[in-house]
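K.L.:
Letter by letter, the chains look like this.
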Amino acid sequence: MSTLAPSRTEQSDDVPVDLRPLRRLKRNRLLLQLACVAVSLFMVVPFYLIAVAAFSSPAAMNEFPLRFLPTAFSVETMSTFLSSTGVGAGLINSLIVAVGTLALSLVVGAPAGYAIARYAFKGRDQYQLFLLFTRALPIVVLSVPLAELFLNVGMYDTPLAVVLLHTALTLPTTILVTASVFLAVPVDVEEAARIFGCGPLGAFGRVVLPLALPGISAASIFTFVLSWNEVLGATILTLNQRTLPATVLSSLSDSPLTFRFAGGFFLIVPALIFIAVMRKYLINMWGTTIR
Amino acid sequence: MTRTQLVREGKRGGRASRSRRLSPALLLISPSIILMLLLFAWPMVAGILQAFQSPDGLGLDHLERMVGDGQFGPAVRNTLLLIVVLLPVQFVLAIVMALLLHQRPKGHGLYFYLWAVPIAVSDLAAGLVWLAIFTDNGYLNSALSTIGVGPVSWLSYTNPTSQFTAILVAELWRATSLVMVIVVSGLQGIPKDYDEAANVFGATYWTRLRHVWLPLLKPSLQVALILRTILAFQTFAVAQALTGQDFPLLVGETYRFYTALQNPNVASALALVVMFVSMAAAFLYLRVLRDGTEGAAR
Chain A
1 MSTLAPSRTE QSDDVPVDLR PLRRLKRNRL LLQLACVAVS LFMVVPFYLI
51 AVAAFSSPAA MNEFPLRFLP TAFSVETMST FLSSTGVGAG LINSLIVAVG
101 TLALSLVVGA PAGYAIARYA FKGRDQYQLF LLFTRALPIV VLSVPLAELF
151 LNVGMYDTPL AVVLLHTALT LPTTILVTAS VFLAVPVDVE EAARIFGCGP
201 LGAFGRVVLP LALPGISAAS IFTFVLSWNE VLGATILTLN QRTLPATVLS
251 SLSDSPLTFR FAGGFFLIVP ALIFIAVMRK YLINMWGTTI R
Chain B
1 MTRTQLVREG KRGGRASRSR RLSPALLLIS PSIILMLLLF AWPMVAGILQ
51 AFQSPDGLGL DHLERMVGDG QFGPAVRNTL LLIVVLLPVQ FVLAIVMALL
101 LHQRPKGHGL YFYLWAVPIA VSDLAAGLVW LAIFTDNGYL NSALSTIGVG
151 PVSWLSYTNP TSQFTAILVA ELWRATSLVM VIVVSGLQGI PKDYDEAANV
201 FGATYWTRLR HVWLPLLKPS LQVALILRTI LAFQTFAVAQ ALTGQDFPLL
251 VGETYRFYTA LQNPNVASAL ALVVMFVSMA AAFLYLRVLR DGTEGAAR
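Chains as they are written, first to last, in the numbering used here: chain A, 1 to 291; chain B, 1 to 298.
Read the hints as simulated data drawn from the structure, not as lab findings.
Ideal Cβ positions, reconstructed from N, Cα and C, are used throughout, including at glycine.
Do not take every clue at face value.
[Claimed, not checked] Computed Cβ-Cβ distance ranges for the label pairs, DEER-style:
hint, chain 1, residue 1, chain 2, residue 2, range
1, A, ASN62, B, THR259, 41 to 49 Å
2, B, ALA143, A, LEU34, 52 to 60 Å
3, B, ILE147, A, ALA59, 19 to 27 Å
[To be verified] To spell it out: a stretch of chain A is covered by chain B in this simulated footprint if at least three of its residues, at any positions, have a beta carbon under 8 Å from a beta carbon of chain B; those stretches are:
hint, segment
4, 46-55
5, 75-86
6, 108-120
7, 175-188
8, 232-242
[Stated by the list, open to error] Heads up, simulated SDA-like pairs for lysine to any residue below, C-alpha to C-alpha not over 25 Å straight-line:
hint, chain 1, residue 1, chain 2, residue 2
9, B, LYS106, A, LEU32
10, B, LYS218, B, ALA197
11, B, LYS218, A, LEU211
12, B, LYS218, A, GLY199
13, B, LYS106, A, THR173
14, B, LYS106, A, PRO21
15, A, LYS122, B, VAL96
16, B, LYS106, B, LEU28
17, A, LYS122, B, LEU99
18, B, LYS218, A, PRO186
19, A, LYS122, A, VAL187
20, B, LYS192, A, PRO210
21, A, LYS26, B, GLN103
22, A, LYS26, B, LYS192
23, A, LYS26, A, SER40
24, B, LYS106, B, VAL96
25, B, LYS106, A, LEU41
26, A, LYS26, B, THR207
27, A, LYS26, B, LEU99
28, B, LYS192, A, LEU31
29, A, LYS122, B, PRO31
30, B, LYS106, A, LEU22
31, B, LYS106, A, ALA276
32, B, LYS106, B, GLN188
33, B, LYS106, A, ALA38
34, A, LYS122, B, SER23
35, B, LYS106, A, ARG29
36, B, LYS192, A, PHE47
37, B, LYS192, B, HIS102
38, A, LYS122, B, ILE33
39, B, LYS106, A, LYS122
40, B, LYS106, A, ARG24
Extracted from the complex, chain A is given alone in its bound form (with noise of 0.2 Å):
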């Protein structure tokens, strides 16, 4: 033992190392972690402070230096929160018009998206350019004709007319989204299958679909979100069938801080619960390479 030791270091002094690359690495790798930490807690702070702030009690949130911790625990201010009036509805339109919305965008926007990347068809460039100018349609353009529209049909107010509004804001996002989706999944898988045999649905089904199932449900997370967070048509297009944001939104100037904080941190949660179920695929999208 005693032996060994003194070798060992007059062999690395003889061969000089230079650490240099190496501590240059490591300082990199802590600089990295070091960012990362520091926009982590300014992402996650504030869901911190929300959920404190919404399962705090009532008299908690009156005094003056607010606690940081969940010290003053209480489940009051979320269920004065829910037995208010529309609270519980708001949420069933909403989540009513959000999966609505979603299932008739990609039943409607993934074939276009489909057309747009994979064949060369006469117009495509003015269809894009269509698209492109949707897009930059304000929903309040549309919604306050809309309104008198359906008011005429006997739609006003029911969540159906807030779908079609809400469809017609997110469709050209899903076309667009999915045609870059469709671009980055190579024409050659597609060619093989149908050399072996697989009709344009089969080829479709079995190669294209699962190869872009992924950036689909990334545009799926955009298409829920826009409609889950639409408030100003939603607003003018319903009256009792309000949406939750919309509820809220209409209450916002006579309520409690607490009121509007406890919404605050109920908007939230379903969003946290769609993002953690679309988890998978957003690692997914995270880890595939396109080549």
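Go by the hints and put chain B onto chain A.
P.N.:
Then chain B, alone, in the frame of chain A:
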């Protein structure tokens, strides 16, 4: 016999083969065209008519009412200011976040997940979240009081700068994730060979960023830029939740005219303004970044 051929590169092939390809493509896109014409074209015409309506046929009465309103000037100024300040900061942050993840730090999957979560938060909810932080008895003042500073009325109309900053931070928190995800998927689309080649020839990180990644990210950035600009013009619930009517934005004014003032005509006029400005921005981007689109189309 009428089996359609898949097109390899753009517009290849003769006139005859193109017309054979026309039908399946048309079949695929026609439902979307029909739906959008029904839900866009008619309401748009009706909206324009609504804005230019007047007691004696067509006129500019509602536009005059809109411009004459005391909140109109501030609303235009605030909307433009928000976009001009928010977007550059947001894109730099999003690109930095995507590049951090691209270095594959330990736990990058978790980071990506955490940073992507705000995507699913509505602008109203984001406003309410940051209200808990910026309100007079909120978490920011609570934190400041422990070091003996404050309290500051961040959201009061007497502090327009801090009002603006609060809205800016809330928007930055909420909407940067969207840009980040677009940039991350753009980075994934870049073949590793280019980066490795640059590495072999001794390019530094900055050179690779400047001459390999950013040029190849251009199509993704263009999509993200157009998307974010159009969405930024429609920002309103964040400001509504944080400051009520104290920080007017264009779409917030539309909401106020439709609901509080029950004046759909002026609401339509305001919406037209938002529409023209955001369309002008989209066309401008397309013109300036034209070569990017051709790259995106393969």
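K.L.:
Now tell me if each hint is right for this structure.
P.N.:
These are the hints, each one checked on the structure:
1. A:ASN62 / B:THR259: 41 to 49 Å: violated, 30 Å
2. B:ALA143 / A:LEU34: 52 to 60 Å: violated, 21 Å
3. B:ILE147 / A:ALA59: 19 to 27 Å: Holds - the Cβ-Cβ distance for ILE147 of chain B and ALA59 of chain A, about 25 Å, lies within 19 to 27 Å.
4. 46-55: With 5 residues closer than 8 Å to chain B, the segment 46-55 of chain A meets the three-residue bar; holds.
5. 75-86: violated (count 0)
6. 108-120: holds (count 10)
7. 175-188: Check passed, 6 qualifying residues.
8. 232-242: With 3 residues closer than 8 Å to chain B, the segment 232-242 of chain A meets the three-residue bar; holds.
9. B:LYS106 / A:LEU32: holds, 9 Å
10. B:LYS218 / B:ALA197: holds, 20 Å
11. B:LYS218 / A:LEU211: The hint holds at about 24 Å.
12. B:LYS218 / A:GLY199: Violated: LYS218 of chain B and GLY199 of chain A sit about 36 Å apart, past 25 Å.
13. B:LYS106 / A:THR173: Answer violated: LYS106 of chain B to THR173 of chain A is near 33 Å, above 25 Å.
14. B:LYS106 / A:PRO21: holds, 20 Å
15. A:LYS122 / B:VAL96: violated, 40 Å
16. B:LYS106 / B:LEU28: Given that 25 Å is the threshold and the Cα spacing comes to 44 Å, the pair is violated.
17. A:LYS122 / B:LEU99: It is violated: about 39 Å lies between the C-alpha atoms, which goes past 25 Å.
18. B:LYS218 / A:PRO186: holds, 21 Å
19. A:LYS122 / A:VAL187: It holds: about 20 Å lies between the C-alpha atoms, which stays within 25 Å.
20. B:LYS192 / A:PRO210: holds, 23 Å
21. A:LYS26 / B:GLN103: holds, 13 Å
22. A:LYS26 / B:LYS192: Given pair LYS26 of chain A, LYS192 of chain B holds - Cα atoms ~23 Å apart, limit 25 Å.
23. A:LYS26 / A:SER40: Measuring from Cα to Cα gives roughly 21 Å; hence the hint holds.
24. B:LYS106 / B:VAL96: holds, 17 Å
25. B:LYS106 / A:LEU41: Holds. LYS106 of chain B to LEU41 of chain A sits at ~16 Å (cutoff 25 Å).
26. A:LYS26 / B:THR207: holds, 22 Å
27. A:LYS26 / B:LEU99: Roughly 18 Å between the alpha carbons, so the hint for LYS26 of chain A and LEU99 of chain B holds.
28. B:LYS192 / A:LEU31: This hinted pair holds, its Cα atoms lying about 24 Å apart.
29. A:LYS122 / B:PRO31: holds, 17 Å
30. B:LYS106 / A:LEU22: holds, 17 Å
31. B:LYS106 / A:ALA276: holds, 20 Å
32. B:LYS106 / B:GLN188: holds, 18 Å
33. B:LYS106 / A:ALA38: holds, 15 Å
34. A:LYS122 / B:SER23: holds, 10 Å
35. B:LYS106 / A:ARG29: holds, 9 Å
36. B:LYS192 / A:PHE47: violated, 36 Å
37. B:LYS192 / B:HIS102: Holds, because 12 Å separates the two Cα atoms, which is no more than 25 Å.
38. A:LYS122 / B:ILE33: holds, 15 Å
39. B:LYS106 / A:LYS122: Status violated; Cα separation ~49 Å.
40. B:LYS106 / A:ARG24: holds, 17 Å
Taken one by one, the earlier hints fail for this structure at numbers 1, 2, 5, 12, 13, 15, 16, 17, 36, 39, listed in ascending order.
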